[in-house]
Amino acid sequence: MNEANTQTSPEAPGVHPRRFWSVRPVSDRQAGDAVVSNFLLHWFPAKSMRASLGWGYSLWLGTISAALLLLLVISGLPLMFLHVPSVERAYGSVKDIEYVVTFGFWIRSVHRLSAHLMVAAVFLHLARVFLCGAYKNGVPSDQKREWNWLIGVAMFVLTLFLSFTGYLLPWDQLAYWAITVGTNIASAVPLIGPKVRELLLGGRNIDQPTLIRFYALHVIALPGALCALLAYHMWRIRKDGGLASADRSGRLPAPAEVPAGPSKTYTLLGVARGTGPTVRARSIEAPATTVNSVADLTRRAGIVVLGTMAAVSIAAVFYHSPLEEPANPLVTPNPAKAPWYFLWLQEIVTDTTLKLGAFTINGALIGGVLLPGLLILALAVWPWLDRSPAAAAGVWFDRSRRTQNLVFLLLVLAVLALTFIGTFCRGPYWELFWPWQAWPEMPGRI
Amino acid sequence: MSEEPNRRQVLVKLGFGAGVVALGAQAVAALRSLAPNVSYDAPTTVKIGMPAEFPDGMKFLPDERLFVFREGKTFHAISAVCTHLGCTVKAEALPNPEVRTVEGAPLRLTHRYACPCHGSKYSGDGENVSGPAPRPLAWYPITVAADDGQLVVDLARPVPRSFRLTIA
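As given, the protein sequences belong to chains A and B, one line each in that order.
If you read the first sequence in the working numbering, its first letter stands for residue 106, the second for the next number, and so on.
If you read the second sequence in the working numbering, its first letter stands for residue -2, the second for the next number, and so on.
Think of the hints as simulated: they come from the structure by calculation, not from any bench.
From the three backbone atoms N, C-alpha and C, an ideal C-beta is built for every residue, glycine too.
Any given hint might turn out to be false.
Restricting the straight-line Cα-Cα distance to at most 30 Å, the calculated cross-link-like pairs of lysine-lysine (DSBU-like) are [to be verified]:
(1) A:Lys460 with B:Lys70
(2) B:Lys56 with B:Lys118
(3) A:Lys300 with A:Lys460
(4) B:Lys10 with B:Lys118
(5) A:Lys460 with A:Lys442
(6) A:Lys442 with B:Lys118
(7) A:Lys442 with A:Lys200
(8) B:Lys44 with B:Lys56
(9) A:Lys200 with A:Lys300
(10) B:Lys70 with B:Lys56
(11) A:Lys442 with B:Lys56
(12) A:Lys249 with A:Lys442
(13) B:Lys44 with B:Lys70
(14) A:Lys300 with B:Lys118
(15) B:Lys70 with A:Lys300
Here are the in silico distance ranges between beta carbons for each label pair [stated by the list, open to error]:
(16) B:Tyr37 with A:Phe502: 35 to 43 Å
(17) B:Ala26 with A:Met185: 22 to 30 Å
(18) B:Arg97 with A:Ile317: 40 to 48 Å
(19) A:Val512 with B:Ser127: 44 to 52 Å
(20) A:Val131 with B:Gly14: 30 to 38 Å
(21) A:Leu475 with B:Gly14: 13 to 21 Å
(22) A:Phe502 with B:Leu31: 42 to 50 Å
(23) B:Ala26 with A:Leu521: 57 to 65 Å
(24) B:Arg5 with A:Met185: 45 to 53 Å
(25) A:Phe525 with B:Thr163: 48 to 56 Å
(26) A:Ala463 with B:Thr163: 26 to 34 Å
(27) B:Thr71 with A:Ile481: 45 to 53 Å
Starting from the given sequences, assemble the full structure and let the hints guide the process.
Following this line, the structure appears as C-alpha cells:
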C-alpha cells in the first residue's frame, strides 16, 4: 500500500481506497472495508475463524470442487457454441472440436478433465466431512450443519448426473450404450419404471428427442440446480460459523456477561463499549480465534482456485480426450464399459440378480436402483443417526466415531475394489481376466 | 372473538393458497409437456424380406435386433435384446448343434448367445443360463405379408417358444 493511498483513504466505513485491489489492507478497518466494497469479496465475512482456514483440516476439497465447477462452466461455454445437439451432427461436431477447431482439443480436455476431477474432488470432500464428523453441530446454537450435509449429498448426486449427461453428448458408442443401460436401469423400477424411461428418452427408442433432453439437462437444468444448491451451501457455512473445526473455539469459556449500564440509551457507542444490555461478546468472535478475511482467507482461496485452474489447464495440454466410434445401435462394443466412476455400479448390476425359486429380481433393480438408493439414503440421514457427542464435530477420526468411520471406510474400500475389478479385470462378455492377461480373440461370433 | 380469523387473514391465506396452486399447476403443465403424446419411433411391425432371402440356419437383422432362424420351411425369430439392461447379445455358433424339446416342440439349437455389457449367457432357445439376465430372450411371431409375400415380424408381441411359422 503506497503512501498516497493511505493519505487519500476516505474515512467513511465501507469505503476502501482501492476497491479493485484490496488484497493488502494496512489496518483491520481497511480489511473489513475491503470485503464490503469489493464485489468479488462481498459474500465473504469480514473476519474468518482461524480454525476454518487450516490446510490440513479441510484439505480445501470443497474449494477445489467449486473451482472445478467454475472451470466447467467457463470451458462449457465455448463448447456450447461448437457442439450441435443432433444425432446426425453431434459426433461430427465433437470430432471437429477435437481435430479442427483451434484450441478445441484443449477446451474439451479442460472440460473433461475438470469433470472427472470434480467427481473425485466432490467425493473426497464428502468423505472428509464424514470422517471429521463435520456434519455435526459443535456448539449449542442455531447451527444446522446436518442440513448442509444433506445439500452436499444432493450436490454429489447432481455431479454424477452431470457427468452422465455430459458423456452422452458426443453421441459415440460410449454415449449410446450408456443411455441404453442407464435408462433401462430406470425402467427396472416397478410400475413407474417404463414411464420414466419414456420420459427420459422422449419416446421408446433412443433418438433425437433423447439427445436434446440430455443436452438440456446437461447445459441448463442440472448446472442451474447445482449452482443454486452451491449458493445455499456456502451461505449455510457462514451461518454455521465457518467450518466445523472452528466450533471448538466456540466452546472456549465466554467472557462474563456485562450487566446493563444505568443508561437506558442503547447507543452504538454503548454497543462498542459493551455497556449495552444485550451485547455479550462470545468467544467465537474473540480476536485470538479470528483473522481478517482479507488477506488470510482470500490469499488461500486464491492459491487453491488459481492452482486448480493452472493444474487442469496444463494437464489438458498433454491429455487428449478420447472419442469412441460413432453411435451404432447395431453393434454393442465388447466389452461395453462405463466411465471409471460408474464401473462399481456396472459391477453390482452384474452381480445382484436374485433368483428365489421361480421368482427372479433383475439386478438392474437391486444393483442399479435399490442398493445405490440405499447408500445415498443412508448418507443423507446419517447426521440424524450419529449419536456421538458434540465435541466430535470437526475432528479427524474422533474416537467416539471410530465404528462409523470404519464402516464408512470399508464401504468406500468395497466401491474402490469393484471399480478396480471393473476397470482392470473385465474383458469381452464381461468375463474375468487378470489385468496382465491378454483378451482372447472371438471368432465365429457376430 | 379474537380466535376467529378476520377478513384480512382469510384473504391472505386465500391469496397464498391460490399462488401455491397456480405454481403447482404450472409445474405440472411444464412436466406434462415433456411426456410425448405422439410416437415417431420406428414401427414395431416390420417387413424383413422374402422367405427366399433367408438361408438355412440363422440370420441376424441388426436394425430389428433379431435373430431369424430357418429350418427348411419353418421359421422362428428370437430377440437379440438382453433382458437384463438392453444391450445387443452376440451369437456364437455351436460346434455340435443339438435338438431339444422346448415347450413341447422340438427345436434345433445351432447357437448360443452372450451379452457384452454384463456377461449374461443364453442357450440356443433364448433360455437365460448364467449372468444377471432375469428372463429368457423374447420370441417374436413371424407372419407372411398378404400383399407381397414378405416375412413380417411383430416386435411388440412376444410369443411362447413353441412358435413356428411354416410356409408352403
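Between the beta carbons of alanine 26 (chain B) and leucine 521 (chain A), is the distance compatible with 57 to 65 Å? With a Cβ separation near 45 Å, alanine 26 (chain B) and leucine 521 (chain A) fall outside 57 to 65 Å, so the hint is violated.
When you check the alpha-carbon spacing of lysine 70 (chain B) and lysine 300 (chain A), does it fall within 30 Å? Roughly 40 Å between the alpha carbons, so the hint for lysine 70 (chain B) and lysine 300 (chain A) is violated.
Hinted pair, alpha-carbon criterion (30 Å max): lysine 200 (chain A), lysine 300 (chain A). Please report holds or violated. Since the Cα atoms of lysine 200 (chain A) and lysine 300 (chain A) sit roughly 34 Å apart, the hinted pair is violated (cutoff 30 Å).
Given pair status - lysine 118 (chain B), lysine 300 (chain A), alpha carbons within 30 Å: The hint holds at about 28 Å.
Outcome for the supplied range 26 to 34 Å, where the beta carbon pair is alanine 463 (chain A) and threonine 163 (chain B): holds, 32 Å
Could you grab the alpha-carbon distance between lysine 442 (chain A) and lysine 200 (chain A) and see if it respects the 30 Å cut-off? OK: lysine 442 (chain A) and lysine 200 (chain A) at ~21 Å, within 30 Å.
Agreement of lysine 249 (chain A) and lysine 442 (chain A) with the hint, judged by alpha carbon distance not exceeding 30 Å: Violated, at about 40 Å.
With respect to the beta-carbon atoms only, verify the hint that arginine 5 (chain B) and methionine 185 (chain A) lie 45 to 53 Å apart. holds, 49 Å
Take a look at whether the Cβ-Cβ distance between arginine 97 (chain B) and isoleucine 317 (chain A) falls inside 40 to 48 Å. Since arginine 97 (chain B) and isoleucine 317 (chain A) have Cβ atoms about 47 Å apart, the given range 40 to 48 Å holds.
Are the Cα positions of lysine 56 (chain B) and lysine 118 (chain B) separated by 30 Å at most? holds, 19 Å
For lysine 44 (chain B) and lysine 56 (chain B), compute the direct alpha-carbon distance and say whether it is at most 30 Å. Holds. Lysine 44 (chain B) to lysine 56 (chain B) sits at ~15 Å (cutoff 30 Å).
When you take the CB atoms of valine 131 (chain A) and glycine 14 (chain B), is the distance between them in 30 to 38 Å? 56 Å Cβ-Cβ, so the 30 to 38 Å window is violated.
Consistency with the previously given hints fails for numbers 1, 4, 9, 12, 15, 16, 19, 20, 21 and 23, ordered from lowest to highest.
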